[in-house]
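Using the sequences and the hints, build the whole thing.
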Amino acid sequence: MDINVAELSRIQFALTIMFHYLFPPLTIGMGIVMVYLEGMFLWKKDPIYLSAAKFWTQLFAVSFAMGVATGIVMEFQFGTNWAVYSRFVGDVFGSALAAEGIFAFFLESGFLAVLVFGWNKVSAGFHFFATLMVSLGSIFSAVWIIVANSWQQTPAGHLIVQMFRDGKPWIIQGRPVFRAEITDFWSMIFNPSTLERLLHTLLGAFTLGTFFIMSISAYYLLRRRHQEFAKRSFTGALILATIVSIFQLFSGHSNAKMVAYYQPAKLAAFEGLFQTGPARLSILGWPNPEAKKTEYELGIPGLLSFLALGDSHAPVIGLDRVPEKYWPPIRISFMSYHLMVAIGTFFILLTLFASFLRLKRTLFEKRWLLWIFVGAVGLAMIANEVGWVAAEVGRQPWTVHPTTLRNSSGEVALNEQGQIQYRLEEGLLTQQAISESVRSTEVVLSIITFGFIYLLLLVIWLLVLNNKIHHGPSIATRMPVPPSSDTDNDTDNDTDNKGLLETVSSRVEKSDSMTESKSNESKSNESKSNESKSNKSKEDI
Amino acid sequence: MDLNFGLQQLDLPLIWYILLGILMSGYAILDGFDLGVGILHPLAQTDQERRIFINTIGPIWDGNEVWLVTFGGALFAAFPEAYATAFSAFYIPFMLLLFALIFRAVSIEFRSKMESALWRTCWDYGFFLSSLLASILFGVAVGNMMIGIPLDARGIFTGDILTLLSPYTILLGLLTASLFTMHGTLFLHLKVPYGGLHQRTSEWMWHAWGMFLVLFLLATIYTFAFVPRAIPNFERAPWASLIIFMTVLSVANIPRSIYMKLPGQAFLSSSILIISLVCLFGMALWPNLITASNQSGLSLTIYNASSSLGTLNRMLIIACIGMPLVLIYLFIIYWTFRKRVEIEEHSY
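Chains as they are written, first to last, in our numbering: chain A, 1 to 541; chain B, 1001 to 1348.
Note that these hints are calculated values from the structure, not bench results.
Beta carbons are placed, not taken as given, at the ideal position from N, Cα and C, and that holds for glycine.
Heads up, a few of these hints could be off.
[As the list claims (entries may be wrong)] One side of the interface only, derived from the structure: several residues of chain A facing chain B at Cβ under 8 Å:
{"id": "1", "residue": "91"}
{"id": "2", "residue": "182"}
{"id": "3", "residue": "460"}
Structure, rendered in structure tokens:
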């Protein structure tokens, strides 16, 4: 067996999952906003909501397609590159993947067709239902994937069972063969970290979705295009983003507590904590695993102990209590974790400040702030990515993290060397989880091809996105009604147009004459295009 | 509390073998015509025609591909040993398949997003080549399942890429491509707007059927002559001759339906043909999932490669809840998009 295969397979997995993960949180987050917009359209009958929904649907569809195309790779890669892992956990992990296919993918892909292509084929109510189902499907998908991944982090509801062949224990090269089998389905699903991690992931997805919408809206505002559309999209997304950012703080806190309990080595790596004892919350630093200390350190004394254990003097387990062979890569864990926390904190300040300005009705005049929002979507993407990097790299060297042994009073049980102990038979080391029949040259070839294809896809995605954004939203007339009588149809159209004009003019802000004149200009442009559209639809009739 | 309704008495591995067969048939029928449309794509002459081609499958290809993903997930959950062995053994072919599927997805999605002729031509080629490659690779995989692959005692593949490419597996690759092409032609005939293009598809149906028939006969002869393991199960279970009968009948009914101008029936026949072929494949394999070509005792069967009975039981309950929902979604989409294709503002 070639030892390099493990490292190569890790590189490939990291490349493919990180590229894939650009898209799902984006579509999960945008899905919520689209449900909101279409719901508002049904409720208020204001066509600007419809044109907004249609515009975001286009961007959603392009990103969704990327998610689907790169997602199939993930499903197959467990078998192609991680055969030992697949054999060991198939009973548990495979179940969650299969459930994802049946409950989430069919729902999403089915109603996506109606969402994207059904505007003129189904009623407005049914279209809204389809949007709701796509959004729900993408959340279900997250649920099952988080279940599967959380089981790898904090396994529960299973037993490690010896395998039999023809009624006899199966022995290969003198060793019995073991695997994980589900014994308690619901404990496996709701393993100790599932709910915490699901909430954290979904909040991260909502953050990305809302920042994406705010980015494009801010760009339109800066370019003084589609201003009414942009202001409404921005405001809606800002409300959600502010709430989500604040919730994320609490979710992050309870996740850290959970990690402190179940994966002490991971928390120590996140914090660069080499010595057990009352611990500081590290803010900056450069961990040096060779010297076993964190250099250039800046931290708040006692805060980590307080946050993780509720007592600023309580000792937090450091890396000195973890056998060195079970240390995660410390620098990557530390840096990715800190980057995520830093971006999260920045987002809380940014969204609160922007909300404050929005209440004062001066937000859209602060061009420098809008520019920050144009770029902040990149930070949101990075935060989602490095959050997962921290979670997955922090789990190393394990693919399936074994339970940390605790004594009857719930304290971590230390061995004679004063180190923590794992229930080793439960764990699976990443180095051992690979496919035995795959050669390193094969993996090198596939990595190169994936790298090339994904780079191409990224360029194309950005190109198409850019194209769509420059084209901008077009004012939608209305959802088609069953053609009962043509005259009715026309009158409806006219009232809707009037409704739009009224709303637009009532919304024009009075404080800045420059903005006003510009937005009046764009308003008249919009109503012109609106007229031409409705003329066109009349011609059709 | 646990999901358990005492289904353990049933032959759960067999039930899961059949369920996998259903997922495979579902995938081959639904994505089969998608892939076929891709293979036929170069026959479209104008940009308008090419857009019509893509839009016949526009709303549905994504959902159709989910059958493959679910097949993969179900194989992983029900028979993890077989999943691990097959996917790591077919490393290079499966990577090629993944690249093809990625290209196909983005070709469909991105082709009509820009006006440039070069842009569209590139994606047209991408759509055609990826559809063709994916179809052939599916056939190659089926061929390898038929003849078996060398395994060691742990069920690990011991051959290399050249082991996987034999005349027989390549023949089955071509057969699959021709089957999907025929299926795709019959589908196009139902979906393209009436007119010149519609006329031309009816000519293609004859060619596609003829090509399929030749390859099908070749593959049948080859199987009888060189893959002896395919036969005994049929001798043991005389009722299985029904499947053979169904296969022959559906192959024969396709030209009859075309001649009688019953395109719906022709498409139905070709769908039944696909089910019959999956059944034949399943009969020939049983009880093996992966046959060890070196020593039959090392084969991965549905009994020694399965998950625990508890998990098969729970997964069966999940399938019983999920599959009716899937059928409802399927009905909704195909009903919504039942009409012939018209290019409109939301089309690809």
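Hints, one by one, checked against the model:
Restraint check, residue 91 of chain A versus chain B: the minimum CB separation of about 4 Å is within 8 Å; hint holds. Evaluation of the residue 182 of chain A hint against chain B yields a held restraint, the C-beta minimum of about 5 Å falling below 8 Å. With 8 Å as the threshold, the beta carbon of residue 460 of chain A comes within range of chain B, its nearest partner Cβ sitting at about 6 Å, so the hint holds.
Going through the hint list in order, the structure satisfies each hint without exception.
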